[in-house]
Amino acid sequence: MRKNNLLSLLILAGVILVLPLGLGNSYYLSVLVFVGIYSLITIGLSLLMGYAGQISLGQAAFFGLGAYTSGVLSAKFGISPWLALLAAIFVTGGIAFLIGAPALKLKGHYLAMATLAFGYIVFIVFNQASSYTGGPSGFGQIPRFRLGNFLFRTDVHYYYLVWTLVIVVLLVSLNVIHSRVGRALRSIHEGELAANIMGVNTARYKIQIFVLSAVYASMAGSLYAHFITFLNPTPFGFHFSIVLLTMVAVGGMASVWGAIIGAALLTILPEYLRAFHDYDILIYGSTLLVIMIFLPQGLFAGIFSLVKKER
Amino acid sequence: MTKKGKVVVGVVVAIVIVLLLVGPLSIWRWVPMLRKPPVAYKVGAIFAVTGPAAWLGTPERNTAKMIEEEVNAGGGINGHPLEIIVEDTVGDATRTVTATKKLITKDKVLAIVGPSRSGTTMAVIPIVEEAKVPLISCAAAEAIVVPVKSWVFKTPQKDSDAAVRIYEYMKEHEISKIAIITATTGFGDQGRKQLKKLAPELGITIVVDETYGPKDTDMTAQLTKIKASEAQAVVNWSIVPGQAIVAKNMRQLQMKIPLFQSHGFGNIKYAQTAGEAGEGIILPCGRLLAVDSLPGDHPQKEVLAKYKKEYETKYEEDVSTFGGHAWDGLHLVIAALREVGPDRAKIRDYLENTKNFVGTGGVFNFSPEDHNGLTKDAFEMLTVKNGKFVVLK
Amino acid sequence: MSFGDQLLQYLFTGITIGTIYGMVALGFNIIYASTGIINLAQGEFVMLGGMTMVYLTTIIKLPMVVGFFLSILIVTAIGAAFERAAIHPLKSPSVITLIIITVAASILFKGGAMFAWGKQTFSLPPFSGEKPISVLGATILPQALWILGIMGAVVALLILFFGFTLTGKAMRACAANRTAASLVGINVKTMVLLTFALSAGIGAIAGIIITPIALMDYDRGTMLAVKGFSVAVLGGLGSSVGAVVAGFIIGIMESLGAGFISSGYKDAIALVVLLLVLFIKPSGLLGSRERGEFKKF
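Residue numbers (numbering that gives the first Met the number 0), protein chains in the order written: chain H, 0 to 310; chain B, 0 to 392; chain W, 0 to 296.
Only chain H is shown next, with the shape it has when bound in the complex (with noise of 0.2 Å):
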């Protein structure tokens, strides 16, 4: 892997260890707990955008089926949190195989539309099954992670395990990218019919990262259900998915790090923005709209370009 990568997540690791020491407040940890979770799922979006070139408009759907399979399995079923988290993983990637492989199949993009119907398909199920779902009114005592006889209760404790997994994730995605499935997928993304003459198997690799973004969601869903410890079905619906697409699109849609940092723009943000929640629709569809026709590839990637022209 690129020295400029490495460097870059040690940078990484290194501000995330020493955060808490200057914060130590519940309330900011919580935040970034947060934050951490939506970058998982957007470092996975990123790479479907930018790498793939496709959309997904239904992502919070896959963030939902981590959520309420781990949710469902430790808290009805009484597995383990761990063992839920996996469970999860396989059957939101299954799920996502399911969607993704004759979408992807074809030209065009029918996988946005998919997904436009799969998210909403699954808000309804997540409303209506409520044998297991609880329907609308969701279910709680949702158990937390244990290591042994540690419980990761306290937002500091979440704060490592989710950041750790992000970085873990991170050092996958990069390597993705700087592998072999990585360049064909950038020479999909530059031009398909040109790859897919050079012999690449278009179909498959994007199908691959489909999948790979759908696991990413589903982690960050099993990490968000043993948080919170309750569910319901109102933050898997098309309205966060929106949200996932502007912290892409902020970000920077081919880059990993852009993803992050859309994540934490977005969330803290309306933090401080609380004066302003009734606005925060007009903010997400202003920003969204400025974004894509001035700076495609997103608000750093933009301003940098920008920059350079003046030169």
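Worth flagging that the hints you see were computed from the coordinates, not collected in a lab.
Note that this is a predicted model, so its numbers are computed, not measured.
Among these hints, one or two may not hold up.
[Unchecked claim] Pairwise CB distance ranges, derived in the manner of DEER restraints: (1) K195(B) with F259(W): 17 to 23 Å; (2) R179(H) with R171(W): 43 to 49 Å; (3) Q140(H) with D106(B): 27 to 33 Å; (4) S133(W) with E68(B): 54 to 60 Å; (5) A227(B) with T166(W): 46 to 52 Å; (6) V134(W) with I205(B): 39 to 45 Å.
[Said to hold, decoys possible] Below, in silico cross-link-like pairs of lysine-lysine (PhoX-like), each with a Cα-Cα straight-line distance of 20 Å or less: (7) K268(B) with K118(W); (8) K354(B) with K300(B); (9) K280(W) with K104(H); (10) K375(B) with K354(B); (11) K214(B) with K118(W); (12) K255(B) with K130(W).
We treat Cβ as the ideally placed atom computed from N, Cα and C, and that holds for glycine.
Given chain H, work out where chains B and W should sit, using these hints.
Same frame as chain H, now just chains B and W:
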């Protein structure tokens, strides 16, 4: 994006360092431990002011502001100004959790009123229990106070009592076979569970059990099924717009059987949206909405009339029972503060032993086993007549 | 109520709501056929149409007929403005960009409506009274007849427009082959503007005529867009007749599904159909193989 990645991370680090030094996350805040004790009594309020439950949160927030001004104009609580810090949950569990943590650890409030909804309340119960902060929820779910948690209370009447009052009325009028139609929301689902649980105990048989989505615009399919059944009455458990659409659809299908609504119908606007189809709807409700038709010696009349007049004058909109839940919660906390001062544990004990508190939702009698304090008499059976709510005789 | 009556009632309901889905799908088709863009903000035009009409007739108290045409005009203008502001400035955008832009626009329209009119639900008086009409044991509202009638008029006008006017034919030329159309002297950019305006107008009509029955609020657009899109795909993207037919099919399926299977999963029906169509026959019922592959913008 390797070089850019490095620069970007550098930027992040720089931003974080800057934020640590200045701004709201500043470490300087945490160094001085001996700050002057706050003179104001801080009470937290978490409402769904915006988002899908804004019809609950906005009147609750308005009521909170109104009370804060009123108390401070009257000299505060034993000389201490009252500061109600309102946080908006946007009806979202994540935001609610962070808002609660902020109120507890950053603002260090003495008690919290809210959240507006059952789902979000359940999400914060573990937090307040651990932080030992009294919470008075404005949400209706039974599960909030059953089983009793020592720091959690609620002001809305029990859903089960609403169902009981409906069923008792039905028995008196010889209705025994009914259809229920509920929305797939937290509130609708709770209602459905209560209706199904209590029906056999009160001799009611549910012959049709239908549901609809909260955004559905047409329930004629479900109602057609009901019309084809033996149901003698329909009970709808939902909020806007479903409750108005059900009424209108019933009229369209020329269904003659009576329609009962839940206490989610507790705002005259809803009756007006249903138009002519709203006439004759029966519902159990807090007495706030029909205060004009209450007898003068009713213990709640004075409190209700005052709240209604003040709210409607100040905000120029119809009062609703939902704002009333916030009124009850806040005034309970204020009474506690007056008696025992700024101590979370003492406030909790005071709340638990409050008796005969006249609120908008009813007359409250708390105890260590009952953190809701209301019985089915908190409800009055109302009906819609000429576009207004009146007490059903 | 006998089984036959029940069935008839479900059919009436299904046809009524199917008409609305069909009109939304028509809007999708018009834009898609001419530009290859899937306009996910289509549902918001419906919402805006209804809300504007409510505002004009109940707050400003204009007469219904004036309000009707004025609302359509206003929403058409909004559609045109959307095209100019968000679509026109793009230089060879990727499809992702376009999708995100239309999604962002739909959010903005929704937010704008929320601010302008608040969150409550609004109603309109029906065009010719509320008294239900009994037909063979089932009932139908007069408004439903208006809905069918107006949709029929819209479809007829569209056929005339595309078949017999120069502008309509120019639009069809753009749909067939943009490069060739511009070579022949057709101003493609103007055509794109017109398609958005036309779609917005049709959406507005749908919104106005459905509000007396189904009420309207700021949030209604998204679900309508998704279902309308399912209908458009089922009928074959780009096919107007397909849109109408598919609208009826999905509307009736929803109604029957809600009545006989489960009312809770009703919304999922249109969505599952969408997925099945995408996986089995993406060109839809009446679309051609060629149309089935997404066009380039």
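Checked hints:
The beta-carbon spacing between K195(B) and F259(W), approximately 22 Å, falls within the hinted interval of 17 to 23 Å. For the hinted restraint 43 to 49 Å between R179(H) and R171(W), the CB-CB distance of approximately 46 Å keeps it satisfied. Checking the proposed 27 to 33 Å range against Q140(H) and D106(B) shows it holds: the Cβ atoms sit about 29 Å from each other. The given range of 54 to 60 Å is respected by S133(W) and E68(B), whose C-beta atoms sit roughly 57 Å from each other.
Roughly 51 Å separates the CB atoms of A227(B) and T166(W), a value that falls within the hinted 46 to 52 Å. The hint said 39 to 45 Å for the Cβ distance between V134(W) and I205(B), and at roughly 31 Å that hint is violated. Distance restraint check for K268(B) and K118(W): the Cα-Cα separation of roughly 13 Å lies within the 20 Å cut-off, and the hinted pair is therefore satisfied. Distance restraint check for K354(B) and K300(B): the Cα-Cα separation of roughly 18 Å lies within the 20 Å cut-off, and the hinted pair is therefore satisfied.
The straight-line distance between the Cα atoms of K280(W) and K104(H) is roughly 13 Å, inside the 20 Å bound, and the hint therefore holds. At most 20 Å may separate the alpha-carbon atoms for a hinted pair to count; K375(B) and K354(B) meet this at roughly 16 Å. For the hint pairing K214(B) with K118(W), the CA-to-CA distance comes to about 13 Å; that is within 20 Å, so the pair holds. For a cut-off of 20 Å, the pair hint linking K255(B) to K130(W) stands: about 14 Å separates their Cα positions.
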